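Participant: For this one, chain A is given, so just place chain B on it according to the hints.
2 protein chains.
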Amino acid sequence: MLVQKYRDMLSGKSVIRQLSEFAAARGKEIGYENVFDYSLGNPSVPVPREFTDTMIQMLATKESNELHGYSPNPGIPSVREKVAASLEKRFGLPYRKEHIFMASGAAGALAHAFRLVTEPGDEILTFAPFFPEYHPYVDLTGAVLKVVPPDTASFQINFEKFEEMLTDKVMAVLINTPNNPSGVVYSRETLERLADILRKKQIQYGHDIFLISDEPYREIVFAGVESPCVSYFYDNTIMCYSFSKSLSLPGERIGYVAVNPRCPYAEEMVAMCVQISRGTGHNCPPSIIQLAVAEVLDKTSDLSVYETNMNLIYNELKALGFTCVKPGGTFYIFPKALEEDAKVFCQKALKYDLVLVPGDTFGAPGYFRMAYCIDTDKVRRSLTALRRFVAEEYGVQA
Amino acid sequence: MLVQKYRDMLSGKSVIRQLSEFAAARGKEIGYENVFDYSLGNPSVPVPREFTDTMIQMLATKESNELHGYSPNPGIPSVREKVAASLEKRFGLPYRKEHIFMASGAAGALAHAFRLVTEPGDEILTFAPFFPEYHPYVDLTGAVLKVVPPDTASFQINFEKFEEMLTDKVMAVLINTPNNPSGVVYSRETLERLADILRKKQIQYGHDIFLISDEPYREIVFAGVESPCVSYFYDNTIMCYSFSKSLSLPGERIGYVAVNPRCPYAEEMVAMCVQISRGTGHNCPPSIIQLAVAEVLDKTSDLSVYETNMNLIYNELKALGFTCVKPGGTFYIFPKALEEDAKVFCQKALKYDLVLVPGDTFGAPGYFRMAYCIDTDKVRRSLTALRRFVAEEYGVQA
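Protein sequences, first through last, are from chains A and B.
Be aware that the first sequence starts at 12, since it is given in my numbering, and climbs by one per residue.
Be aware that the second sequence starts at 12, since it is given in my numbering, and climbs by one per residue.
Worth flagging that the hints you see were computed from the coordinates, not collected in a lab.
Just so you know, these numbers come straight off a predicted model, no measurement behind them.
Do not rely on the hints blindly, as some may be mistaken.
Since copy identity is lost for identical chains, a pair holds within one copy or between any two.
[Stated by the list, open to error] In silico PhoX-like pairs for lysine-lysine, Cα to Cα no more than 25 angstroms straight-line:
hint: 1; residue 1: Lys93; residue 2: Lys108
hint: 2; residue 1: Lys180; residue 2: Lys16
hint: 3; residue 1: Lys108; residue 2: Lys24
hint: 4; residue 1: Lys73; residue 2: Lys310
hint: 5; residue 1: Lys39; residue 2: Lys73
hint: 6; residue 1: Lys347; residue 2: Lys359
hint: 7; residue 1: Lys108; residue 2: Lys16
hint: 8; residue 1: Lys108; residue 2: Lys39
hint: 9; residue 1: Lys389; residue 2: Lys73
hint: 10; residue 1: Lys24; residue 2: Lys359
hint: 11; residue 1: Lys108; residue 2: Lys310
hint: 12; residue 1: Lys172; residue 2: Lys347
hint: 13; residue 1: Lys362; residue 2: Lys347
Okay, chain A solo, but in the shape it has when bound (with noise of 0.2 angstroms):
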């Protein structure tokens, strides 16, 4: 009498996880240091070294139970207080501690963010490109994921698309700036274009639709590029981040909620955070942790590296005549395959022990991610690999 619906889910396997698998396998044969795997996006650089420094320093003198005692359910007091601190800051909008909600990762933010305002039955619309464990995210929470296509030429929003999709059903509105698995970050022209649609649909509707701003990736933003608050464009904003990628610490499961303070329920929203994690069993994230990332929420790891990857690869992929949408944050890249199907060009590339990822788990078949978060001595490495793929099997040279 176990519930169906998980032991259905099962049986699905995750194209990424198998590629990393493969990968895995194939660098014992070969040693790991010779496959070029582009499939996990798992940051590659160290934590800052005034993390570990906090921490240690924590152990060795702080009381253990104001160390690891509970921290009261929206997360300690202090540590909020800190966070909305360096988001007014930031962004010149004034948080404070109310509306900030800690929380396990992005993953946990959004998991509340979607519970706050979605019933069962109720849609969520995202865009294509989009990260494929929305739909588990979503789906399990009763709502209903729709994906609106992608606008291919910039990685921007299908406007046209999106407009036939904003029924009446749509309660919010998800989205990833910079984004994963394009690499691309939403303009503000973008960003405005978006907030006007949903604001004169708020209207007709009579109901808020929310804007679900996933921003585990805002701090990887490349040089020239600006990279907006969304928060600013629309009230109804729910911001969820994650420190996993700014701090190199995914395994931490630290992030947060921040309600945008013009949003008239924000209080509230985040009040209601705290009711949604009794039933979720999340509590709160780790109170070391939390004491520790308070102490460094204006650093972040030596990031550079993957503005550096992105430049040597992007620079090949064009000069092979790839088309490509130059990514400006992240570390991801989402090129156009050489052929139709990119699953087969995926395939294809692991010949040359290139861990290729198709564009169809992130809704835009044709085109492939590259994780680059890897040394950046194997992507020099891997572009010779990739030359000599797109030659002998498409007859492409640079």
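Facilitator: Just chain B now, with coordinates in the frame of chain A:
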């Protein structure tokens, strides 16, 4: 358009929380050391030195990606292996890592257990007196928690009422031994009888009935008391464990689900937990805490203070003529109030700066809970207040 069910929960305020806030406010007036605050079940003893040493050593010596990287969804394999080995050694059941799912404390473990075996509308039975958070934990999954009235003579199980309530709709039975709030440990006889009934009813109804065993107090058992392993008695047992009390780190949110190796679906259930966690947004407990806890699995904090406190309080209560079952473990005791309405009784106690929690909250009106996870010195001083309270209010002398 916020979700009403969570909004509705905002008005309800936990009695325990209110009393704890009273204690804190009163502490500001007269000094917290003079408030005999028995409201909260927060461990009062430090974490074992070995835990802190392990944390510092790992931080000082390990690669940060190794320490803070993503944990696989069911937990870090080496950690799951060590947990399984420790359980096998201790309880003689053939636990393997495939039976272990690392979870965010007991709350996280329970959130997964409930979702494994109940669909919305299914019933879960628990036994009064019970931990009041079981209500939101279960209710928010859509299942229905029903509470079997207490056997007030022993705070073991009221089997007559249990058999009446164990209908075809019951998919799981939830127990908590050693028990919050009674401090009672279920005896071998109780567990054998419970298991016999469940086995019979499984056959009669033609479906599994799971025993969800919430065991955060497993390590806090007093001299001469036998605390049998629940899983030993019944194959379909889902053990939910937390390190919050045994290692005094409730804020770090670390525990596990251990499905009985004799349960025919054990490995499938752990795989299902991974799927469930995609919906709850939990992923896994923090990597560094998983790694550190795995090094101190067979250690505990110095828990002896709880037994010292219990004996002081129990002896005083008996001398004053209270009706009280002697706790076998935990840091709770659950005596009968000196008037019918325990809420009134506890209200009067506040005049003496004694913060006691009425049993109504725990499904046992007429009783009250004392959480004696406080300094022994304060316990001693509180007994003077207790004597004064019962003498002045009820004319009772030792």
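Participant: Within, between, both or neither: how does the pair Lys172, Lys347 come out at a Cα-Cα threshold of 25 angstroms?
Facilitator: For Lys172 and Lys347, only the intra-copy Cα distance (21 angstroms) is at most 25 angstroms; the inter-copy one is 66 angstroms.
Participant: Should Lys180 paired with Lys16 be assigned to within, between, both, or neither, using CA atoms and 25 angstroms as the limit?
Facilitator: The answer is both: 24 angstroms in one copy and 19 angstroms across copies each meet 25 angstroms.
Participant: My question is about Lys108 and Lys39: at a cut-off of 25 angstroms on alpha-carbon distance, are they close within one copy, between copies, both, or neither?
Facilitator: For Lys108 and Lys39, the Cα distance is within 25 angstroms only across copies (23 angstroms; inside one copy 49 angstroms).
Participant: Is it within, between, both or neither when you check Lys108 against Lys16 at 25 angstroms Cα-Cα?
Facilitator: between (38 angstroms within a copy, 24 angstroms between copies)
Participant: From the Cα coordinates, with 25 angstroms as the cut-off, is the pair Lys389 and Lys73 best called within, between, both, or neither?
Facilitator: Between. Shortest inter-copy distance 23 angstroms satisfies the 25 angstroms Cα cut-off; intra-copy 42 angstroms does not.
Participant: At most 25 angstroms between CA atoms: does that hold for Lys108 and Lys310 within a copy, between copies, both, or neither?
Facilitator: Within. Shortest intra-copy distance 20 angstroms satisfies the 25 angstroms Cα cut-off; inter-copy 37 angstroms does not.
Participant: Is it within, between, both, or neither for Lys108 and Lys24, if the alpha carbons may be no more than 25 angstroms apart?
Facilitator: Between copies only: 21 angstroms across, 40 angstroms inside.
Participant: One pair to classify: Lys73 and Lys310, alpha carbons no more than 25 angstroms apart. Within, between, both, or neither?
Facilitator: Both. Shortest intra-copy (23 angstroms) and inter-copy (21 angstroms) distances satisfy the 25 angstroms Cα cut-off.
Participant: With identical chains, the pair Lys24 and Lys359 could be close in the same copy or across copies; at 25 angstroms between alpha carbons, which is it: within, between, both, or neither?
Facilitator: within (20 angstroms within a copy, 60 angstroms between copies)
Participant: How would you classify Lys347 and Lys359 at a CA-CA limit of 25 angstroms: within, between, both, or neither?
Facilitator: Cα proximity of Lys347 and Lys359: one copy only (15 angstroms, versus 74 angstroms across).
Participant: Given a CA cutoff of 25 angstroms, do Lys362 and Lys347 count as a within-copy pair, a between-copy pair, both, or neither?
Facilitator: within (19 angstroms within a copy, 74 angstroms between copies)
Participant: Could you figure out if Lys93 and Lys108 sit no more than 25 angstroms apart (CA to CA) within one copy, between two copies, both or neither?
Facilitator: within (8 angstroms within a copy, 39 angstroms between copies)
Consistency with the previously given hints is maintained throughout, with no hint failing.
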